[in-house]
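Input sequences plus hints: build the corresponding full structure.
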Amino acid sequence: MEVRRHDVIIVGGGAAGLRAAVAIADADPSADVALVSKVYPMRSHTVSAEGGAAAVARPDDSLEDHAFDTVKGSDFLGDQDVIQYFVEQAARELILLEHWGCPWSRNEDGTVATRAFGGMTTKRTWFARDKVGFHMLHTLFQHSMRYAQIRRYDEYFVTKLLVDGGAVRGVTALDVRSGELFVIAARAVILCTGGGGRAFPFTTNGNIKTGDGMALAYRAGVPLKDMEFVQYHPTGLPRTGILITEAARGEGGYVRNADGERFLVERDYGVGTKAELGPRDMISRAIVQEIEAGRGLKGTYGEYVHLDLTHLGEAHIEAKLPFVRELARTYVGVDPVHEMIPIRPVVHYMMGGVDVDIDGATDLPGLYAAGETASISMNGANRLGSNSLTECLVFGARSGEKALEFARGSSDASEDVLRQQGAEEGARIDALRGKRKGGEKMAVIREQMAAALERGCGVYREESSLEEACRALAQLRGRYADLGLEDASRVFNTELVAALELGNMLDVAEAVANSALPRKESRGAHTRKDYPHRDDQNFLYHTLCSFDPGGPRIGKKPVTLGRWEPQERKY
Amino acid sequence: MGEQKKTFVVTRFDPDRDDAPTTREYEIAVQPDWKTLDALNFIKDHVDGTLAYRWSCRMAVCGSCGMMVNGEPRLTCKDVLSQYGDTVHIAPLANFPVVRDLVIEFDGFMEKFERVKPWILRAKEKAVEEGTHRQSPEQLADFQHFSMCINCMLCYAACPVVSNEPAFLGPAAIALGHRYNLDSRDEGNGARNQVFRGDGTVFSCSYANECSEVCPKKVDPAAAVNQAKIGALLDWAKGLVLPRGGPE
Amino acid sequence: MSVPAHPQAMAPSRPGRTRTAPPQRPDQAPFGGRYRSHTLFGATGFVYLLLGLLALEAVWALGGGSASWSGFQASLASPFMIAIHAISFVSVIFVGVRFFRLFPKAQPPRLGPVRPPPAPVIIAALYAVWIGASVLFAAILAGGIL
Amino acid sequence: MHRFLLRIEPIVWLLFGQGVLIGTILLTSWVLVVGMLEPLGLVPADALAYERALRLGAHPIGRLVLLALIALPLWKGAHHLRHLAIEFGGHARDAVVAPVLYGLAALGSLAGLFAIIRL
Ligand SMILES: Cc1cc2nc3c(=O)[nH]c(=O)nc-3n(C[C@H](O)[C@H](O)[C@H](O)COP(=O)(O)OP(=O)(O)OC[C@H]3O[C@@H](n4cnc5c(N)ncnc54)[C@H](O)[C@@H]3O)c2cc1C
Ligand code: SF4
Ligand code: F3S
Ligand code: FES
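Residue numbers (our numbering), protein chains in the order written: chain A, 53 to 623; chain B, 335 to 582; chain C, 2 to 147; chain D, 1325 to 1443.
It should be emphasised that the hints constitute simulated quantities derived from the structure, not laboratory data.
The structure displayed is predicted, hence computed values, not measured ones.
From the three backbone atoms N, C-alpha and C, an ideal C-beta is built for every residue, glycine too.
Please note: incorrect hints may appear among the correct ones.
Said to hold, decoys possible - Taking beta-carbon pairs under 7 Å as the criterion, some of the chain B residues facing chain C (in silico): (1) P355; (2) Y360; (3) A363; (4) Q365; (5) W368; (6) A428; (7) E439; (8) G442; (9) N498; (10) E544.
Given below as C-alpha cells:
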C-alpha cells in the first residue's frame, strides 16, 4: 500500500475546503497541503447555492445587528463568542473573494450590491445574480490553482480517519478512477465535506451530500453536535427538491395557498410584519399547517403551495433571478413571469455536525472541521439564510491556519502503523466491492432510511414517531451489513462509492433521530408537536451524539451566552 | 400517469474486461416529466448497478452529467426525455478518452484550464483594508456571461477542431481565460495572450460556432475564442513596437 | 457509427492510472447535421484560392498588353469557366451570409473606452457596405460610371 | 516548423480574416461581372475593353483593389484548406500541408504585387 505524506490534509473541495487550503498556502508558502475531494472541486455542492452571502458592508448596518440577528435566528442556541468572531471577519472574507475575482453584482456607483434575506434586519446579503455559490466556488477554485503547493487529489473518496496514539494521523482514500486505496498521511486533517441532506427523501442537496465527514469523525470517536436541527427550506420544487432561492422572496415574491391567499400575512405564524421575509423554520411550519388545514394544492408528487413572482415583472426577474426562471421552466415547466411556482418545504441544511470549538478543532488532536460538516455552533437551532457561505470562508480560513499551527508542532506517525491500518481498511473495501449478489438492495435501504427520517424527523416531530424512526434506522443498520452489490470492477466503481456513502448516511440519520428524541421542547428547526414551546430551563444546551457499537450515546454541552440572554423569538 | 416504455442503448466499457466499448440495452418505463438522468438513475437503482456515470446537483449547475444523447452533447439532468422517440442512445462525451461506461477522462481539460491562468493577475495585490474594487455594472457585464461556464465539456464534445488538434486549448478554457482578460480588476492580459498564441493557440479555432450552439449555460464560448484572437493579435502587434511588461 | 478522433484528443499529458477507450468524434462530424454548414464554409477555401489565382492571372494578362488581355477574356467565356464562376458566386454569397452573422460577437466588448455598437447595427452596417460596395464596383466594372 | 507556424499565426489569421471580409465584399461583384455577365455578353462591349480596363486598373486605387483581390482570397483559401485538411486528415500532415498552402498564398501575393507594379 502506497503512503503519501503531506503537512495537512483537507477533505473536501467546497467553499470551506478551498478556503482552508488557500489560507494555509498564504500563511506558509512552504506548507504542503493535500486537497482530497470525491468530486472535482467545482462540482462540490457549494456550486448550487443561489441566494447570497452575508456580511456587513453598508454604513447604515452594524456588526451588532448582524450578530443579534444570527443569535436570534439560532433561537439562542448559537455560541455568542463564535458569532461575534464570525460577524467581525465576514466582510473581510467577502472582500478577499472580490479581490480574487468573484463577480459580485454591483450598484451603479461600482460598489458591491446587497439584498434582503430572511431573518436579516437589513440588506446585508452580497450576491452575484442568483448564482452566488457557483461564482464563489469557481472563484475560489480558480484562485486556488495559482498555488503549486496545494496538491489536489480529485475523485479520491476518503473512507476512514487513521488514528494512532490519541491523534489523527491521516486518512485512507479510495482513488475512484483506479479503485486503489491509498494512505495519505499528515499531521493534521480538516474535514470540509459538507452536509448530509441526501439521507432525506426531498432535499435541495446534491447526490454527493451524504454526510461523509460527519460519519468519519463519528466513527473516529468524535461526537456530533446538535444533529436534531435540520433546516427545511420552505421553497423547494416538488419531486426533485431543487431549490428556489430565498432571494425570490427577498426580491419581493409572495407565498400563496390554494385560495391565492398570502397566508403569512393573513394568519399569525409568528413572522409578524416580515411576512415572506421571515425565517425559514417559521415559513416551513406555516406551509405545513396550511397544507394540513386543507389549503394546499394536490399534485403527482404530494401537496404543495405557490410561490408567486408574477407581479415582479419580466425585467426584474431577468435582472435579479434569471436562474430561478431557468430552473422553474426546466424542472416544473412554469415560467415565473406569468405563472406561480409550485413549492414545498424540503430538507436544506444541517445545523448540526462535527463538534468543534471556535478554532475548528475537535477533541481528537489534529482533527479539524469547517463548513456545513462542522457544528461550530454559529447556527444553533436554525441557520439564517446567507450566513453559511460566509461561515465556510471565515471558519475555513481559521481552521486552516489553526491546523497548520498544530501540524508544525507535532511529529509524523510511524509508517508501519499507517500501513497496517490501511491494509485493514483495504480489506474491508475489497470485501464490499461487488460482494454477494442477491443481498439487501441498496436502493431499498436508501428509500426506507429516507422514509423513516421523513416520518420521524420532518418539520414536525413527536415522541412516538421519533422512537419509531430510531428503531427503524437501527434495524436498517443491521440490514446494511448484508448489502448485496453487483459491480466487481475496480475502475470507477460508483456502486461501491454509493454503498460507502449509504453507510455514512445511516450514521448521520441515526444521529439525527437519536438526538431529537430527548429534546422535549420546540426550538428553531426542531419542532415537537408534543412540546410546542421552548424550554430554556431544561434544554438550553447543545446535544452531543457519540458512536457506540450498541447505538448512539447522547450527551450535553453548555451554550456560550454573553451579550444576549434568551428572549422570545418574534419577528 | 402517462408511463411509457423506452429502450436505452447505453455505451458500456470496463477497461478491466473489455477491449473496446460495447452497448447494452435497457427497456424501462419512463415518466413524462423525467430528464434523461432520471432514466439512468432508475436503471442504476433497479436494473443494473454496474452502470457508471457522473452526476450530482441534478439542477444543471455542477457540470458533471454531460453525455452524448442521440449523438448530441447534452447535460442529462436538464435534457427532457419526452423529446426523444422509443429508442434513446446514450454515450460518453465525444472527443474525450473514456475511463469507463459514460465517464470521460477530465484531466486533459484541467491541464488546459490551468494554462490560461484563470485567476486575477495584478502587478500589485490590493490590500484587504482598502476594501473592494470599484466595478461598474457595465464593466461587470463585459465579462459576466463568460464567467457562467460550469465546465461541463459539452462544447469540447461539439468542437470539430478539438477532435483533431490535441493541443488546442478549446472553447471553455479560452472563454475562462478571456473572462479574466476582460475583468477590470485584472492586469494579466499580456501573460494570457502569450498563452493564447502559444501551443494550443486560439487561432486553431475555425469558428465552427458549435461550441456555442450546444452550451447549456449560454456562455457563448465561440464569441470568447474569437474575441481572444483579436486580443492576441493586438497584443502581438503591440509587442512588436513596445517592450513587454505586466504580471506573469 | 462514429469515427475515431485523434487518439490524443483531450488526453492529459501524463496518462491516467487506468486504460481508456480512445476518443470518438461526434457522430455527425464532419459532414452531417450541425457540421454541414461549417464544413462547407471551410470548403469555400478551394473557391477563394481559385478566385485569387484567377485574379492574379487577370492582372498579369492586363499587364501583358491588349492581346493577352483579350486572350484571358476569351478563356473566361467557356461554359466550363462560366459554371465555375456561377458556383463561386454562390460560395461567396454563402461566406458573406454566414460570416456576417458571426462577425459581431467576435468583436471585443471594448477597446479602451470604445465600445462597438450592438450586434444588429453591425450586421446592418456590414450588409449596407456589402451591397453598396458591390453595386458601386459592379457599376464601375460594367462601364456604368468612371 | 511548428514553432514557426505558431509565430506567424496572428498575421496569417489577420490576412485570412480580411480575406473573408474584404475578399467577399470585392469578389461578389467581380465574380458576377468579370466571371459571368461579361463572358455572357451582358455588359457593354467596351466596358472591360483593354483601354478602359488598364485605365481603371493602373489608377492607384485600382492597383490597391486589385492587390487585395489577389492576395486576400489566397490567404483565406490557404487557411481554410489547412483547417479542412486537419479536420479530415488529422494533424499529422500539418507540418507539410500548412507550409505548402501558406507558401502558395505568399508566392501568389508576391506575384500579385509584381503584377500590379507591372501595370
Ligand atoms: C441548493 C442550496 C442553496 C444554498 N444557498 C445558500 C445561500 O444562498 N447562502 C448561503 O449562505 N448558503 C446556502 N446554502 C448552504 C451552503 O451552500 C452550504 O452550506 C455550503 O456550500 C457548504 O459548503 P462546504 O464547503 O461545507 O461543503 P460542499 O460544498 O458540500 O463540499 C463538500 C466537499 O467535500 C467533498 N467530500 C465529501 N465527502 C467526501 C469524502 N468521503 N471523500 C472526499 N471528499 C469528500 C466533496 O467532494 C466536496 O468537495 C445552500 C445550500 C444548498 C444545498
Ligand atoms: S462553455 Fe458552456 S458548454 Fe463549454 S464547458 Fe462551459 S458551460 Fe459547458
Ligand atoms: S466549436 Fe470549436 S472551432 Fe471554434 S468556434 Fe467553437 S471552438
Ligand atoms: S447533475 Fe449537475 S449538471 Fe447535471
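Do the hints match the structure? See the list:
1. Proximity of P355(B) to chain C holds as hinted, the smallest CB-CB distance being about 5 Å (cut-off 7 Å).
2. Taking 7 Å as the C-beta contact cut-off toward chain C, the hint placing Y360(B) at the interface is violated, the least distance being around 19 Å.
3. Annotation: A363(B) was flagged as interfacial toward chain C, and the flag is violated, the nearest CB pair being 27 Å apart, outside 7 Å.
4. The criterion of a C-beta within 7 Å of any C-beta in chain C is not met by Q365(B), whose closest approach is roughly 27 Å, and the hint is violated.
5. Below 7 Å, beta-carbon pairs count as interface contacts, and W368(B) has none with chain C, the closest being about 23 Å; its hint is therefore violated.
6. Checking A428(B) against chain C: minimum C-beta separation of about 4 Å stays under 7 Å; hint holds.
7. The restraint placing E439(B) at the interface with chain C holds, with a minimum CB-CB distance near 5 Å, inside the 7 Å limit.
8. Taking 7 Å as the C-beta contact cut-off toward chain C, the hint placing G442(B) at the interface holds, the least distance being around 4 Å.
9. Interface restraint check: N498(B) against chain C, minimum CB-CB distance 5 Å, threshold 7 Å, status holds.
10. The interface hint given for E544(B) is met, as the beta carbon of that residue sits about 5 Å from the closest beta carbon of chain C, less than 7 Å.
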